[in-house]
Amino acid sequence: MKNIKRATFLYIFLILLIIAFANQGDYLHILKSLVSKIPYGDKWGHFLLMGLLAFFVNILLNCDKFKVFKLSFLKGSVIVLVIITLEEVSQIWIDTRSFDWVDLAFDYLGIFVFGQLAWYLTKPKPVATENK
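Throughout the sequence shown, residue numbering follows this note's numbering, covering 13 to 144 in sequence.
It cannot be assumed that every hint is accurate.
Taking CB as the label site, the calculated pair distances span [as the list claims (entries may be wrong)]:
{"no.": "1", "residue 1": "Val114", "residue 2": "Thr141", "range": "44 to 54 angstroms"}
{"no.": "2", "residue 1": "Asp54", "residue 2": "Ile24", "range": "26 to 36 angstroms"}
{"no.": "3", "residue 1": "Phe21", "residue 2": "Phe124", "range": "32 to 42 angstroms"}
{"no.": "4", "residue 1": "Phe85", "residue 2": "Phe21", "range": "15 to 25 angstroms"}
{"no.": "5", "residue 1": "Leu28", "residue 2": "Ala140", "range": "42 to 52 angstroms"}
{"no.": "6", "residue 1": "Leu129", "residue 2": "Thr97", "range": "14 to 24 angstroms"}
{"no.": "7", "residue 1": "Pro51", "residue 2": "Ile106", "range": "22 to 32 angstroms"}
{"no.": "8", "residue 1": "Phe33", "residue 2": "Ile95", "range": "12 to 22 angstroms"}
{"no.": "9", "residue 1": "Lys82", "residue 2": "Phe124", "range": "11 to 21 angstroms"}
{"no.": "10", "residue 1": "Phe21", "residue 2": "Val101", "range": "22 to 32 angstroms"}
Hints in this document: simulated from the structure, not taken from any laboratory. Since the structure is predicted, the reported quantities are computational estimates derived from the model, not experimental observations. Even for Gly, the Cβ is constructed at its ideal location relative to N, Cα and C.
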């Protein structure tokens, strides 16, 4: 669990660095050239970066869930979804950034897919019993 905490906090730090550089207009040249070479690289980046963030946060929170009516939600995914939504919408007021609904959709898709992956990997496995 200690390694998961470290990995999660390092990953959060990496995401914050990327956001800070992007907000200043200093989109890392290495990252920019890599992203531009991949078809839909920006969208895949949103999917992977936010998905992995949801994955790590869900693992850190032991994939705890809560229910609203009969629907069950992963706490970590909801936390990431709210924070990422606020960050993406805040780009409306930052001159060096531009809000994009499609980016937000790929953020949400990554959060859902990687959240489900975290849940699948950590859910209790059924114990096989022998029939005699």
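A quick look at each hint next to the structure:
1. Look at Val114 against Thr141: about 49 angstroms separates their beta carbons, and that is inside 44 to 54 angstroms.
2. In this structure, Asp54 and Ile24 break the distance hint of 26 to 36 angstroms, their C-beta atoms being roughly 21 angstroms apart.
3. Checked against the hint of 32 to 42 angstroms, the pair Phe21 and Phe124 fails, with Cβ atoms roughly 23 angstroms apart.
4. Hint check: Phe85 to Phe21, Cβ distance near 23 angstroms, so the stated range 15 to 25 angstroms holds.
5. Judged by the Cβ atoms, the range 42 to 52 angstroms given for Leu28 and Ala140 holds: they are separated by roughly 44 angstroms.
6. Roughly 21 angstroms separates the CB atoms of Leu129 and Thr97, a value that falls within the hinted 14 to 24 angstroms.
7. As the Cβ distance of Pro51 to Ile106 is approximately 27 angstroms, the hint placing it in 22 to 32 angstroms holds.
8. With their beta carbons about 18 angstroms apart, Phe33 and Ile95 fall inside the hinted range of 12 to 22 angstroms.
9. As the Cβ distance of Lys82 to Phe124 is approximately 18 angstroms, the hint placing it in 11 to 21 angstroms holds.
10. Checked against the given bound of 22 to 32 angstroms, the beta carbons of Phe21 and Val101, roughly 25 angstroms apart, stay inside it.
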